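Given the coordinates of chain A, work out where chain B should sit on it, guided by the hints.
2 protein chains.
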Amino acid sequence: MSSLTLALDAMGGDRGPAVVVAALSRALHSFPNVHFILIGDANELKPLLQQEKLFEHPRITLEHTDEVIEMTDKPGQCLRSKPKASMRIAIEAVADNRAQACVSAGNTGALMAIAYLKLKTIPGVIRPALVAPLPNQAGGQSFLLDLGANPVCDSDTLFQFGVMGSVLAREVAGIENPKVALLNMGEEEIKGHDTVRHAGQQLKASSHINYIGFIEGNDIFSGRADVIVCDGFSGNVALKSCEGMARLLFDNLQKSIKGHWLSRGLAWLLYKRFKKSWEWLNPDQYNGASLLGLRGVVMKSHGNASANAYFSAIRQAVAEASTQLPERIHDRVEAVLLDDK
Amino acid sequence: MSSLTLALDAMGGDRGPAVVVAALSRALHSFPNVHFILIGDANELKPLLQQEKLFEHPRITLEHTDEVIEMTDKPGQCLRSKPKASMRIAIEAVADNRAQACVSAGNTGALMAIAYLKLKTIPGVIRPALVAPLPNQAGGQSFLLDLGANPVCDSDTLFQFGVMGSVLAREVAGIENPKVALLNMGEEEIKGHDTVRHAGQQLKASSHINYIGFIEGNDIFSGRADVIVCDGFSGNVALKSCEGMARLLFDNLQKSIKGHWLSRGLAWLLYKRFKKSWEWLNPDQYNGASLLGLRGVVMKSHGNASANAYFSAIRQAVAEASTQLPERIHDRVEAVLLDDK
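If you read the protein sequences in the order shown, they are chains A and B.
Going by my numbering, the residue at position 197 of the first sequence is 241; the numbering climbs one at a time, nothing skipped.
Going by my numbering, the residue at position 26 of the second sequence is 70; the numbering climbs one at a time, nothing skipped.
Take every hint as true, because none was put in to throw you off.
Remember, identical chains collapse to one label, so a pair may be satisfied in a single copy or spanning two.
Cut-off 25 Å, straight-line C-alpha distance, at most; resulting in silico cross-link-like pairs (PhoX-like, lysine-lysine): (1) Lys128 to Lys162; (2) Lys118 to Lys164; (3) Lys128 to Lys164.
Quick caveat, the hints were computed from the structure, so don't treat them as lab data.
If you're wondering where the values come from, they're calculated on a predicted model, not measured in any experiment.
This is chain A alone, in the form it adopts within the complex:
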């Protein structure tokens, strides 16, 4: 892997910059060829770096700013009112070629707005998509897009999400011929609305895509598809619904274990086994949603990510930057557009 530089927005996450510095410490060890630009309030960051024995580390450039985009800030307003926000500087580092990727745990709407404005889309790409890898039952990962960047999508946009998701699954997850599916309310071709049906026809007709048809919400984690395409509204609803249901089941299971002396006594054993069986679903393992289709790698970490979770987002950003994902997407989109002519 050749030398890379990542820009990290140290501010804006729910847990503050300590999490980012701890993740950075792990990343310096795991990625010996990667440089990091750490952007945020130097008064907060210096002591944290000193604690982690990273102050004046040769592969860290500290860039001070005291402007932070808050979770409550409106995306459009930040653009005008906070020109020196840490998130914006991180994105501009990518736009200016000082970094090949950036990571932020801040306000998603602001991240999308600034990234869209500063990085622009790859030629031919209609809209960038927010995509995340999800663990699946088959032991691999599936990519779900869009997760909320585009509440409403036309069929051309959904088709392009299939193309871009396919490149991501191949380049980053190493899946040879990724199976692409559209999320729908039934598997039959007549199901759903005009947009999803038309996107299905477009994907089916394309020689660039291994399209397997419609899947339903209960197949998101099954591994039937490597890439699952939907509009941002449905994707967000699906993911949040799954998260809610998982949390509900875990909470109730815990209660049920605690409710009996025998099971309570065995709780440690159960918990251990249970936890092990669920490692593949641990959100820390798959933190990091990327904005696909931009002229640079932009990685969104969960707002309340732990250090391990933020590290996963860094790892994902390194993977996308080192495979030159934006260039790969550019090539594929160009090929698809040429075919259509």
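Chain B in isolation, oriented as in the chain A frame:
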């Protein structure tokens, strides 16, 4: 409760008429004032009724037909090609006032198409909605609509779903002032697309609705809202995603219990406790999705419902018919429309 008649489509479910007859046996006992019209192939039904000692029961009218709508039939085609289908006769019994409600475990699309054609919507109602009661963590039930009858909805339709769902929650679940929410991809008022935001404004402005704002997918089972409104595409995706996640977690938990000699030995105990803690989420308990907004009660049972699940659908139909739900919806929709003038 005054005397009611229910029309049961005995055919069309995945498990055949035996399930329906077993459910009917339980229903005769539970609802001593309800008459049942049992519609289907008499050659199959007679032996089943004899087995259950229900043949020539005074509260059962057996209506023979050998036409059945299959799961693979296209809704539009059934209307022309199968005029004597058991499902259609059941709906026509309601349209002709021979029954106050009908129940079917058959093809959902066909049920909606025939019910819409034969029963028509209540005056002022734009579209009927498919709605199901879901158990919630607060120990009650929440109603989610639409579940797939209307893949795309405008804001007026979503608003009406809020009105109709509110009547359902009050009349059938006895919730005094039902909390109505819109499913969205965030809780802030700026989130989502124009349609959901506009529907939010309409619901907020109405004095007929206890509107609490947007909720996300992870709140579907939390009990924060008694009525959760969305378009049929999102509703279907949300419900299927939850089902898929629940199944996934149960499967993996089972594997994890079986994987260890100690936990395997204790599996019976765990399973018992676990099952008990999950009774509120047992699909058998909340089977039955109704088509709201029609001039009659139409209840859809899961296709693969067990006898207990089919019984739940009958119970739900009895509840809606005995509270004269269509009339209550009619009154409320009329009041809302008058207010708008």
